[in-house]
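Visitor: Sequence:
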Amino acid sequence: MEHISAEKLAELGKAEYTKVEALLKKGPLTNKDRMAIPQQEMPTGIPTVRARQMSEVALGYSAEQAVVEANRCLQCKNQPCVSGCPVNVHIPEFVAQVALGKFKEAADIIKETNLLPAICGRVCPQEKQCQGQCTVGKVYKSAEKSVSIGRLERFVADYERNNNLATAPKVAASTGKKVAVIGSGPAGLTVAADCRRAGHDVTVFEAFHKAGGVMVYGIPEFRLPKSIVQNEVENLKKMGVKFEMNFLVGRTSTVQQILTEKGFDAAFIGTGAGLPKFFGIKGENYIGVFSANEYLTRANLMKAYEKGVADTPFYEAKTVVVCGGGNVAMDAARMALRLGAEKVYVVYRRTRNEMPARREEVDHAEEEGVEFRFLENPVEILGDAETGKVTGLKALSYELGEPDASGRRKPVEIKGSEHDIPCDAVIVALGNNSNPLIPKTTSEINVDAKGHITVDENQTTSMTKVWAGGDIVLGAATVILAMGEGRKAAASINEYLAK
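Every letter in the sequence shown is one number past the one before it in the numbering used here, and letter 277, counting from 1, is 1593.
No lab work stands behind these hints, which were simulated from the structure alone. Be aware that a few hints might be false.
Unchecked claim - Simulated crosslink set (EDC-like; lysine to aspartate or glutamate; CA at most 16 Å straight-line):
| no. | residue 1 | residue 2 |
| --- | --- | --- |
| 1 | K1494 | E1577 |
| 2 | K1726 | E1715 |
| 3 | K1659 | E1696 |
| 4 | K1444 | E1670 |
| 5 | K1324 | E1357 |
| 6 | K1335 | D1349 |
| 7 | K1659 | E1632 |
| 8 | K1598 | D1700 |
| 9 | K1578 | E1560 |
| 10 | K1781 | E1760 |
| 11 | K1598 | E1696 |
| 12 | K1598 | E1734 |
| 13 | K1781 | E1811 |
| 14 | K1420 | D1474 |
| 15 | K1578 | D1517 |
| 16 | K1710 | E1729 |
| 17 | K1731 | D1720 |
| 18 | K1418 | E1327 |
| 19 | K1554 | D1517 |
| 20 | K1494 | E1811 |
| 21 | K1593 | E1577 |
| 22 | K1494 | E1357 |
| 23 | K1542 | E1600 |
| 24 | K1726 | E1670 |
| 25 | K1705 | E1600 |
| 26 | K1598 | D1736 |
| 27 | K1815 | D1581 |
| 28 | K1420 | E1409 |
| 29 | K1461 | E1682 |
| 30 | K1444 | E1460 |
| 31 | K1486 | E1428 |
| 32 | K1710 | E1734 |
| 33 | K1659 | D1740 |
| 34 | K1493 | E1421 |
| 35 | K1710 | D1736 |
| 36 | K1710 | E1670 |
| 37 | K1526 | E1550 |
| 38 | K1444 | E1676 |
| 39 | K1558 | D1517 |
Full structure from sequences and hints, please.
Guide: As structure tokens, this is what we get:
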């Protein structure tokens, strides 16, 4: 698809804005009027330029684009979009305010249920959630043609921040109760905010030197600027939430010690899914083989791309193969380009249609020069016996058979299709298992066969006074699903502490 410049899209947005204004002067828009308004495309940086830069790719709507897009909303009485949102943002209400040009009011409505709108507007898979339920999208038979709820959420959050209009949420009078939040990812920050709002003393314990969890170590700067995450953390600090960094629960202190020795009345575990999965094939110990988790952490948190000043060295590779088809694989492939790779391949055993990655992320990767090798899967990583470094990937070709348990067609090996892909680095992006440290050091907490902490419908664990949520419970999931679990846990904690 041909890239359209941000300037051209802004110009088109102004033209549509003028048309919408003219229609509104004649009276309220009919559903037919709204359905005729073209969806506003998100402006992005020039692919050949942005592929070598860390600056944000998606540039955000102009005010005119936002108003035009908001006027596409049919304001359905049954609000199907809200049911698709894990934190039940009042979507029609905030979109209606955007349509009127009342951007601050729109931000206030969102933040009644979601304190991280600038983050969610950028990284949540809206097409599978709120936009997947949108009536406009259903009429067009495509969630990609729904009202662009996520882009509007991002716009109003950015508008509020850029114009210094944000105010700290009101905090109830002190209850004298103390809540420990273990992990500062999306689930943990949500619990911290909701419990602090209720008047409890909240401390967040984070293993890394920066707060934000997967939002800082997993998601690249070009998709989610770290300044935005830091801004949300600062907002929590303004509410009175405390942060203790470089505090590894399970090593520095156990959960039991936090409750007893440190005097906390409740604890929430949101330590995420940080244990990477591998294929278990020959050659995974060669130099130049990385889990996507390690690769992205070095680049995102330790800024490996800042040569000479970074907190960590990075592995220079000219040809990189990324194995996997999810968002993390797309992030790793696009990061490899920015770290200097001349050629980046994504090897995936199914086709584009079966890829779990967001369509937007796949399109952006392809625009930037990432090449996709579908219906292939590695069987061995090749290397030089003397240097111990990666020299290639041995793979098999596949064809699609009948659907498996996931509903996707199962890849079937083509006999005699073995072939080599020369490369000097391999990044494995097969997902992550839950962090095992806390369950291993806290026998009172039950886990399932995959190592995920088991909880009830209120996120309560088998250990008294302890709740859990996010990827440590779900396995690798999304920011908004983790936040949804955090909201449920916080509500349960607040109810428990009120007794």
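Visitor: Indicate, hint by hint, whether the structure satisfies it.
Guide: Results of checking the hints against the structure:
1. Our distance criterion of 16 Å between C-alpha atoms is met by K1494 and E1577, whose separation comes to about 13 Å.
2. Distance check on the hinted pair: K1726 and E1715 sit about 8 Å apart at the alpha-carbon level, within 16 Å; holds.
3. Among the hinted pairs, K1659 with E1696 is inconsistent with the structure: their alpha-carbon atoms are about 20 Å apart, more than 16 Å.
4. The suggested pairing of K1444 with E1670 holds, with an alpha-carbon distance near 14 Å, which does not exceed 16 Å.
5. Our distance criterion of 16 Å between C-alpha atoms is met by K1324 and E1357, whose separation comes to about 11 Å.
6. A distance of roughly 11 Å separates the Cα atoms of K1335 and D1349; the hinted pair therefore holds under the 16 Å criterion.
7. A distance of roughly 12 Å separates the Cα atoms of K1659 and E1632; the hinted pair therefore holds under the 16 Å criterion.
8. Between K1598 and D1700 the CA atoms are separated by roughly 13 Å; this keeps the pair inside 16 Å, and the hint holds.
9. Restraint check: the Cα-Cα separation between K1578 and E1560 comes to about 13 Å, which is no more than 16 Å; the hinted pair holds.
10. Taking the CA atoms of K1781 and E1760, the gap is near 11 Å; set against the 16 Å cutoff, the hint holds.
11. The suggested pairing of K1598 with E1696 holds, with an alpha-carbon distance near 5 Å, which does not exceed 16 Å.
12. Restraint check: the Cα-Cα separation between K1598 and E1734 comes to about 15 Å, which is no more than 16 Å; the hinted pair holds.
13. Annotation: proposed proximity of K1781 to E1811 holds, straight-line Cα distance about 12 Å (limit 16 Å).
14. Proposed proximity of K1420 and D1474 is supported: the alpha carbons are some 10 Å apart, at most 16 Å.
15. Simply put, K1578 and D1517 have alpha-carbon atoms about 13 Å apart, close enough for the 16 Å limit, and the pair holds.
16. The hinted pair formed by K1710 and E1729 meets the criterion: a straight-line CA distance of about 14 Å does not exceed 16 Å.
17. The hinted pair formed by K1731 and D1720 fails the criterion: a straight-line CA distance of about 20 Å is larger than 16 Å.
18. With a CA separation close to 22 Å, the supplied pair K1418 and E1327 exceeds the 16 Å bound.
19. Of the pairs offered as hints, the one joining K1554 and D1517 holds, with about 13 Å between alpha carbons and a cut-off of 16 Å not exceeded.
20. With a CA separation close to 14 Å, the supplied pair K1494 and E1811 stays within the 16 Å bound.
21. Restraint check: the Cα-Cα separation between K1593 and E1577 comes to about 35 Å, which exceeds 16 Å; the hinted pair is violated.
22. Taken as a hint, the K1494 and E1357 pair is broken in the structure, with Cα atoms around 46 Å apart against an allowance of 16 Å.
23. Of the supplied pair hints, the one linking K1542 and E1600 is violated, its CA atoms being roughly 31 Å apart against a limit of 16 Å.
24. Under the criterion of a C-alpha separation no larger than 16 Å, the hint pairing K1726 with E1670 is consistent with the structure, at around 10 Å.
25. Under the criterion of a C-alpha separation no larger than 16 Å, the hint pairing K1705 with E1600 is consistent with the structure, at around 11 Å.
26. For the given pair, K1598 sits about 14 Å from D1736 by alpha-carbon distance, which is consistent with the 16 Å threshold.
27. Taking the CA atoms of K1815 and D1581, the gap is near 12 Å; set against the 16 Å cutoff, the hint holds.
28. Using a Cα cut-off of 16 Å, the hinted pair K1420 and E1409 holds, with the two alpha carbons roughly 13 Å apart.
29. Taken as a hint, the K1461 and E1682 pair is broken in the structure, with Cα atoms around 21 Å apart against an allowance of 16 Å.
30. About 10 Å separates the Cα atoms of K1444 and E1460, which keeps this hinted pair within 16 Å; it holds.
31. Proposed proximity of K1486 and E1428 is supported: the alpha carbons are some 11 Å apart, at most 16 Å.
32. Of the pairs offered as hints, the one joining K1710 and E1734 holds, with about 7 Å between alpha carbons and a cut-off of 16 Å not exceeded.
33. A threshold of 16 Å between alpha carbons decides the hint, and for K1659 with D1740 the separation of about 10 Å falls inside it, so the pair holds.
34. In summary, the hint linking K1493 to E1421 is not supported, as the alpha carbons are separated by about 33 Å, beyond the 16 Å threshold.
35. With a C-alpha separation of about 4 Å, the suggested pairing of K1710 with D1736 holds against the 16 Å cut-off.
36. For the given pair, K1710 sits about 23 Å from E1670 by alpha-carbon distance, which is inconsistent with the 16 Å threshold.
37. The suggested pairing of K1526 with E1550 holds, with an alpha-carbon distance near 12 Å, which does not exceed 16 Å.
38. The straight-line distance between the Cα atoms of K1444 and E1676 is roughly 12 Å, inside the 16 Å bound, and the hint therefore holds.
39. The hinted pair formed by K1558 and D1517 meets the criterion: a straight-line CA distance of about 8 Å does not exceed 16 Å.
Of the numbered hints stated above, those contradicted by the structure are hints 3, 17, 18, 21, 22, 23, 29, 34, 36, listed in ascending order.
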